[in-house]
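A.B. asks: Listed here are the chains, written in short residue letters.
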Amino acid sequence: MTRSSTVPAAGTLPPSAPIDPDAAISVRGLVKRYGDSAAVDGLDLDIRRGEIFALLGPNGAGKTTTVEICEGFRTRDGGEVRVLGTDPAHATRRWKAQLGIVLQSGAGDSQLTCRELLGAQASYYPEPRDPDEVLELVGLTEKAGARGRSLSGGQRRRLDVALGIVGRPTLLFLDEPTTGFDPEARRQFWSLIRSLRDLGTTMLLTTHYLDEAEALADRVGVIARGRLVEVAVPSTLGGRGNAPAVVTWTEDGVRRSEATPTPTAFVQQLSARFPGEVPDLAVARPTLEDVYLRMIGDTL
Amino acid sequence: MTATVSGTEVALPSVTSVYRSRSAVELKEFFRQRESVVFTLAFPVILLVVFGAVLDYDIGGGVSFTQYFMAGIVAAGILGSSLQNMAISIATERSDGTLKHLLGTPMPKSAYFVGKVVQVLAVTVLIIAILLAVGRLAYGVPLPSGRDWFTFAWVAVLGSAACTLLGIAVSSLAKNGRSASAMITPIALVLQFISGVFFQFSQVPVWMQTIASFFPLKWMAQGLRSVFLPDVLAAQEPAGTWELGRVALVLGGWCVAGLVLCVLTFRWQDRGSD
Chain C
1 MTRSSTVPAA GTLPPSAPID PDAAISVRGL VKRYGDSAAV DGLDLDIRRG
51 EIFALLGPNG AGKTTTVEIC EGFRTRDGGE VRVLGTDPAH ATRRWKAQLG
101 IVLQSGAGDS QLTCRELLGA QASYYPEPRD PDEVLELVGL TEKAGARGRS
151 LSGGQRRRLD VALGIVGRPT LLFLDEPTTG FDPEARRQFW SLIRSLRDLG
201 TTMLLTTHYL DEAEALADRV GVIARGRLVE VAVPSTLGGR GNAPAVVTWT
251 EDGVRRSEAT PTPTAFVQQL SARFPGEVPD LAVARPTLED VYLRMIGDTL
Chain H
1 MTATVSGTEV ALPSVTSVYR SRSAVELKEF FRQRESVVFT LAFPVILLVV
51 FGAVLDYDIG GGVSFTQYFM AGIVAAGILG SSLQNMAISI ATERSDGTLK
101 HLLGTPMPKS AYFVGKVVQV LAVTVLIIAI LLAVGRLAYG VPLPSGRDWF
151 TFAWVAVLGS AACTLLGIAV SSLAKNGRSA SAMITPIALV LQFISGVFFQ
201 FSQVPVWMQT IASFFPLKWM AQGLRSVFLP DVLAAQEPAG TWELGRVALV
251 LGGWCVAGLV LCVLTFRWQD RGSD
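Going line by line, the protein sequences match chains C and H. Note that this note's numbering numbers the first sequence so that position 231 is 231, with each residue one more than the last. Note that this note's numbering numbers the second sequence so that position 3 is 3, with each residue one more than the last.
Simulated from the structure, these hints should not be mistaken for laboratory data. Among the clues, some could well be false.
No more than 35 angstroms apart at the CA atoms, straight line, and that leaves these computed lysine-lysine pairs for DSBU-like [to be verified]:
no.: 1; chain 1: H; residue 1: Lys175; chain 2: C; residue 2: Lys143
no.: 2; chain 1: H; residue 1: Lys28; chain 2: C; residue 2: Lys143
no.: 3; chain 1: H; residue 1: Lys109; chain 2: H; residue 2: Lys175
Coverage of chain C stretches by chain H, computed from C-beta distances (three or more under 8 angstroms per stretch; other residues unrestricted) [to be verified]:
no.: 4; segment: 111–121
no.: 5; segment: 272–281
From the three backbone atoms N, C-alpha and C, an ideal C-beta is built for every residue, glycine too.
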């Protein structure tokens with residue numbers, strides 16, 4: 001708790017911090033090797049209860065390996081992991097009942113209808129949500145009687161999410177959940193995720209869409225070469241909050257731009273030079289994508 | 001702080017209720033898939049109809065080949081609904097992510113196998129019932145009588161158990177459903193030719209008989225011949241008797257071997273993802 005108040009949105013954890021059994025997820029010094037190369041190489045991570053945490057990183061950086069170790073699908077070669085206070089290497093049914101997992105690969109093909117699939121999935125959990133309510137939540141009510149394999153790509157992904165939340169999870173893993181969504185479907189999905197957060201669900205999200213991380217995540221972590229290189233709130237990642245702003249406008253028919261640490265003062269000067277509106281005025285901070293690409297570029 | 005919402009004392013659903021739910025899933029998955037219904041259920045019936053119409057000769061003792069073929073096609077039907085069905089469906093579910101998805105839920109792992117066994121049982125009972133009915137109505141093949149039903153039951157149960165376990169084990173060798181099908185279908189076909197399904201076993205060359213006798217199909221067919229044929233025809237068998245004791249021994253041995261192979265080889269995820 002003190003960590004969040006004294007070092008708001010700052011870089012990686014102090015290496016000496018002990019594992020936190022009360023966190024939703026706490027990882028220290030995680031190592032996973034495939035042959036001679038380490039896919040995950042001393043990774044530390046803490047995810048607080050109730051937050052949405054987005055894990056970013058290029059393909060092959062160790063994202064899915066890390067997530068799948070936390071989910072209990074893969075073994076590890078070193079380090080400590082606690083997920084809801086339990087070591088995933090010693091998974092029990094009761095522990096799994098608190099998790100919801102939306103795999104990158106989806107939930108498989110089926111001849112069952114959406115409603116039947118959700119009913120079957122609900123039957124594995126102690127306190128499931130009502131399948132029809134879940135269908136409503138993900139916007140598949142009209143497809144309740146359609147077979148899983150007849151759905152479009154985006155509908156299937158929503159069905160995957162529905163399967164992930166029907167067990168009323170405390171902690172939800174979302175591995176690239178919106179791949180194949182059209183923009184409207186993604187916006188709908190985002191509001192679904194926000195309403196789940198309002199219900200107290202902790203979420204670990206991996207995504208390639210930086211606007212998605214920015215829209216949803218309370219904090220983002222960037223993985224590169226098997227390590228977490230930075231953790232911050234999206235608006236300050238990579239020193240983004242202090243980076244110079246770029247002011248652009250059009251003057252004498254020419255597009256002009258100026259990088260400045262004091263954009264307010266600069267815009268005031270500008271407006272004094274024009275009689276009315278400054279033509280095509282825009283003020284921009286580096287996007288999350290800009291700082292992300294710089295960060296992973298530094299480490300590649 | 002937020003942990004209070006997760007009522008930690010709520011009981012998990014009972015294992016039997018999950019068994020019921022998985023069984024329902026497996027039955028729907030099978031009967032709604034046209035390929036599996038046609039391949040596993042209809043194909044043996046078509047073969048019975050065709051062979052019964054074409055090869056209706058007397059094999060001795062006033063017994064028609066159709067009656068002989070009945071034992072073989074029932075054995076082949078059991079092979080299809082257990083070994084082939086399991087190998088292909090589990091390989092498919094492993095490669096498309098169904099198994100991994102289930103592994104991430106609190107479903108007891110045993111429930112997956114219970115569901116599969118219920119599916120095999122239902123399909124096996126159905127295929128046997130259809131074959132018996134078609135044989136009786138279309139070709140006048142007499143139904144088993146008296147003690148033969150008992151022999152029928154244990155040969156079918158033991159044979160289908162051995163083949164189900166083998167099917168589960170074999171599924172781990174294939175990359176996906178398609179490659180499982182490409183691997184297991186020719187093997188099953190060759191076994192059917194050399195195990196006394198399509199021809200009288202006594203007409204199969206001795207070296208092929210020897211190969212066939214390492215596998216369960218030959219013993220299932222032989223045990224079922226004791227059910228469908230009059231005992232005088234036991235003289236045509238390699239040992240001159242039905243060898244029911246050895247049938248039980250070999251099929252039981254394959255059950256044990258299949259179980260060991262399952263335990264050693266079963267994977268919930270694609271290879272190289274652990």
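A.B. asks: For a quick check of understanding: which of the numbered hints are violated here, in increasing order?
C.D. replies: Result: hint 5 breaks, nothing else.
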